Every structure is written in C-alpha cells, then in structure tokens.
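Asker: Here are the chains, one letter per residue:
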Amino acid sequence: MGKATREAYGATLVKVGATHPDIVVLDADLSKSTKTNEFQKAYPDRFFDVGIAEQNLISVGAGLAAAGKKPFVSSFAMFATGRAFEQVRNAVCYPKLNVKICATHAGITVGEDGATHQSLEDIACMRVLPNMTVVVPADAKETEAVITWAADYVGPAYVRLGRAGVDDTTPDGYVFTPGKSLQLRDGKDATIIACGALVGSAIEAAEILAKEGIDVRVINMASIKPIDKVAIAQAAKDTGAIVTAEEHNVIGGLGAAVAEVVTETTPVPMERIGTQDTFGESGTPKELLAKYGLSAEAIGQAVKKVIARK
Amino acid sequence: MSQLSKEQVSLVTNMAKQLRLDIVKEVTEAKSGHPGGSLSIADLVSLLYFVEMNIDPKDPHKADRDRLVLSKGHAAPAVYAALAERGYFDKGELWKLRKINEMLQGHPDMKHTPGIDMSTGSLGQGISAACGMALAGQIDKAAYRVFAILGDGELEEGQVWEAAMFAAHYKLANLTAFIDANGLQIDGPVASVMNVNPIDEKFKAFGWHVLVVNGHDVEALHQAIEEAKQVTDKPTAIVMHTVKGKGVPAMENQVGWHGKAPSEEQCEEFLKAIEEA
Chain A
1 MGKATREAYG ATLVKVGATH PDIVVLDADL SKSTKTNEFQ KAYPDRFFDV
51 GIAEQNLISV GAGLAAAGKK PFVSSFAMFA TGRAFEQVRN AVCYPKLNVK
101 ICATHAGITV GEDGATHQSL EDIACMRVLP NMTVVVPADA KETEAVITWA
151 ADYVGPAYVR LGRAGVDDTT PDGYVFTPGK SLQLRDGKDA TIIACGALVG
201 SAIEAAEILA KEGIDVRVIN MASIKPIDKV AIAQAAKDTG AIVTAEEHNV
251 IGGLGAAVAE VVTETTPVPM ERIGTQDTFG ESGTPKELLA KYGLSAEAIG
301 QAVKKVIARK
Chain B
311 MSQLSKEQVS LVTNMAKQLR LDIVKEVTEA KSGHPGGSLS IADLVSLLYF
361 VEMNIDPKDP HKADRDRLVL SKGHAAPAVY AALAERGYFD KGELWKLRKI
411 NEMLQGHPDM KHTPGIDMST GSLGQGISAA CGMALAGQID KAAYRVFAIL
461 GDGELEEGQV WEAAMFAAHY KLANLTAFID ANGLQIDGPV ASVMNVNPID
511 EKFKAFGWHV LVVNGHDVEA LHQAIEEAKQ VTDKPTAIVM HTVKGKGVPA
561 MENQVGWHGK APSEEQCEEF LKAIEEA
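First to last, the protein sequences are chains A and B. So for the first sequence, the numbering used here puts the first residue at 1; every next one is plus one. So for the second sequence, the numbering used here puts the first residue at 311; every next one is plus one.
Hints may contain errors.
To be verified - In silico EDC-like pairs for lysine to aspartate or glutamate, Cα to Cα no more than 16 Å straight-line:
| no. | chain 1 | residue 1 | chain 2 | residue 2 |
| --- | --- | --- | --- | --- |
| 1 | A | K229 | A | E204 |
| 2 | B | K451 | A | D45 |
| 3 | A | K141 | A | D172 |
| 4 | A | K225 | A | E121 |
| 5 | A | K286 | A | D22 |
| 6 | B | K451 | A | D172 |
| 7 | A | K96 | B | E511 |
| 8 | B | K481 | A | D49 |
If you are wondering where the hints come from, they were derived from the structure by calculation, not from laboratory data. Predicted model only: the values in this text are computed from it and were never measured.
All chains, full assembly: derive it from the sequences and hints.
Answerer: The structure is reproduced here in structure tokens:
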C-alpha cells in the first residue's frame, strides 16, 4: 500500500508554493487532516485558516482570485462541495475564477467517521457545474502531477483526494493532462475504467481475471471533466464491454460520465461499480470497500457479467 | 479629515438624482427588477463612484483600483447607472437591462460588464468575496480599498457572520461594509420577518469598527468613509439608515416595490417626482 493522495497533496503544495508566489492556501480547521499544514509551515504568510466556515472558505477564495491570487482551498470533500455547493457554483464557476478546490477524505474509505463524512456525491455535484474541471488522482504520484498542473492552470478545478493509503499505479515521468486518460494495461475482452482508490483494485481484478484467461484493458480516468472521449470510444470498439469503478455513487459519477460517452458514441454493454444509491457507515476502509461492492473481487464479477452480455 | 467641497456635494447630489431617474427607467424598460433597494443606495453609489473610489473607466481592471462588491446584487440597476454615467459603457445599455443577448444581467456579472468587480446576486456571498479581495490587498501591501454593500435583510444569511468573523480576525482594515438598513425585505419589515437588529451592536461584537449614519446624507457618508480610512486594525461597518424607494414618494417604505417594475404611466409619474424633488 502506498501513501494517501492527501499526503502527496500537502508535499506538492510546498513544492509549487516555492515557484508560485501568488499561491495562497485556505483551510477550514482541517489543515492537519488535509495536509495543508505542510504549506502553512513553509509559507505562514500565505496560509489562512478561515475556521469552521466552508461557505466563507469558498467565497474568500473567489475574492482572492478576483484580486489576482491563486487560491488553493481545502476541506473535506463533504463540506467543500456539499456545504458550500452554491458558493462553488455562483462565486467560483459562474465568474470562472481561478480557485482550486482540493478536497480530501472523499469516498467511503474515510472509514470509521461514517456516513456523514463519506462524500459519495461530490464528483456528480462538481462535474455538473459549467467551467469546472474535475480530477480524481489515483495515487501519490498522480496527485503530484495533478497539483503541479493545477498550479499553472487558470480557472476553477476540483481535485478529489482520499484519506487512506492507496496502491501506487502511476508510472514515473507521468504528466497530467486534462481530458487524457492513462492506459495501465491492455486487453481485448473488456475494459475497466476506474478512478481514485479503485484504480489499484481494477489492476488487481485484471490480474486475477488474467489467470482465468480473461484479458482486460485497464484505464485510469483521473480527468473526469473533461473526459477522454477518444479513449472511451476506442475501448468500447476494441473490447466491446466496459466496467467502471469508483468509490462514489454510481449516479452522476465516473460511471455515469463514461456511460454518457458510450451511449452517444459507441454503445456497448456496461456495468458500474460504485455505491448503489446508498449512504455508507462506520468501518475500516477495507471492510467498507468489501461490503459496498467496491473490491477487486466485485470488479472481477462485474467484468464477467458484462462479457456475458456482449 | 477632509470634507466634501461644495462642488463635490453638488456633483454627488445631482448624480444621485440622475441615478434615480436611470434606475426607474431601467426597471421600467426591463419590465422587472428591484427598484426599492436600488433607490435606497443611490446616494451612496453616487458618492462612491463620483468622489470616493480610485477607479478608471478606461482601465476597469487596473490592479491598484478600489473595489466595490455589491453583495446585495439585486440593486444592480443603481450600480449599472453609475457605471454608465462614469463612462464604463454606453448609456444605451441601461435600457437593455435583463434582455436576452444583452450585457446587463439581472444581477452583476463580472465577466461581461466592465466595472463590475464581483459576480453577485446570491445573498451573503459578496461580503466573503470582498474579504478575499481585502486579504489579497493586505498580502500585497497594496493601497486599494474594498467596499461592500449589503442589505439589512441579507444579514439573515449565516455566511455574512462567517465573513464578519474572518474580516475582524485578519484585521482587514482596508474593508468597509455598508449596510443598507432600509428596514424592508420581500416578505415584510425586516424586524417582523426575521429581526436582525441591533445591527450596529452585532458588528461591534464581531470586532468591527461601527458607524451609524443617515444613508441619504452624502456629507455624513463621506465623513464615515474618511473615519474608516483612519482605522488601521479592524474593518469598518457603516450602518446606513435609509428609506427603501427613496426619491419616489409612491415607492418610499413600500415593501411591494422591492421587486416590481413600474408601468409606463407610473414611470412618467415617478420620473416627474424625482425631477421635482
């Protein structure tokens, strides 16, 4: 198991902070958890805690951006995108302001804190907003690439980060480009398109399936908006079946975004791994992934099911 | 502290009258909009745009300009009128307010309207954005000032108080918030819908420097703004007692004129009343 994406976020913020004096970081009393405290230690004059006030967090970010700063604002995904949804919509996306919302503790792998803190709808809420770019890095290395990109990108972006450690899947030398996916494994029988913590599980599933003679392509779709339509259409054409995997509600998330492209370009059978329109509960990340059908085993079953439907 | 010259008083007073004429015509042409709360801030907006603010209509984005965030974004007709009168755009735009394919949106849009510093309209958010701008100025040790105009009903939004805490905590002395205390909101008097009073005590308790003035007395407003400039360790709230619909007797203190357009006939009558006042 590799580092959590939030760890890489904090470390990369410190790095880009050195080369980007206009970066300002805001947090809402969670800097030790989101890891923005790393930036605070390095650049105390450019870090501001707004306290437990997420609406103000987002709107102050908008004001900083309107005055020429490059704010990175952080909280848990639940609060940054849920509590402050309308601020993100009206104060950031509508005027297309240069605010980076980097939210941690997304998904069910938040674990023991339970349903109130497990954001399973943030991808949907953020990708529906015009002008918003939505990115879900899979591991520490990809997070570093995404935050490095975000430091130079001008416009609103949402970066979804996790609390728990994840498998490292990103190769050395990787550069993040919005709208570009990363093929991690080729195959001809079906394609698994995953994001975030489930990219590692997708590879694990593909390896198990390979032993059974099933040859699966695996794509890491970190850029959910814009999405890599070319890679999705190609996967549908080449393999004839697609399974998506995310720790998010199947409604509105990666699976829905991929389904939109598949139905409009290259209709093929699909299965979507994700939470099935339900809230989570307390438990360890591993227990929760198993219980809510987000394991490598569940992905493998979905692949077999989708192949049978071809 | 400097006082307004006679010429300045006359300019601001005349322009306030012009803004009121523009507001009534804008809303009539648009057949919708918010005349009451636009008229109540006309004196302040005239003062800010014609005397107080360091701005350049030829360079709306210049870095060291003073900023105005109309947190009560529905009063856009007042600011649009001031921007047009200052030459940010052709005055003819005012009569196309709220029309499809036109520049002037129902609520301020910073992307498409020169001179608008922040997109607003959803209440309670503008003051936070103004805090962000003031913070940026503080980080850069810039000389510019940030002004925000809020409604009294708007103070019912919890976010206003998140921002109020923030501004005091970070000692945003370059931020001045005007509270347009006209006493009315859509569902009735503020005091009976959801009482926000006492406004001055609330801001004091949140750590602000607070002044209470007659919002239609431009010399008093000027003195308050001058005093705010002298305060170096806290933001200033200027609570303005105003009359909703001020300048149009038929609209004054009438809750029904919060968000309603006059008919053509009413418009003629109202313009005449403003002219003759």
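Asker: Taking the hints in turn, state whether each one holds.
Answerer: The hints, checked one at a time:
no.: 1; hint: K229(A) / E204(A); verdict: violated (25 Å)
no.: 2; hint: K451(B) / D45(A); verdict: holds (12 Å)
no.: 3; hint: K141(A) / D172(A); verdict: holds (8 Å)
no.: 4; hint: K225(A) / E121(A); verdict: holds (15 Å)
no.: 5; hint: K286(A) / D22(A); verdict: violated (40 Å)
no.: 6; hint: K451(B) / D172(A); verdict: violated (41 Å)
no.: 7; hint: K96(A) / E511(B); verdict: violated (36 Å)
no.: 8; hint: K481(B) / D49(A); verdict: holds (14 Å)
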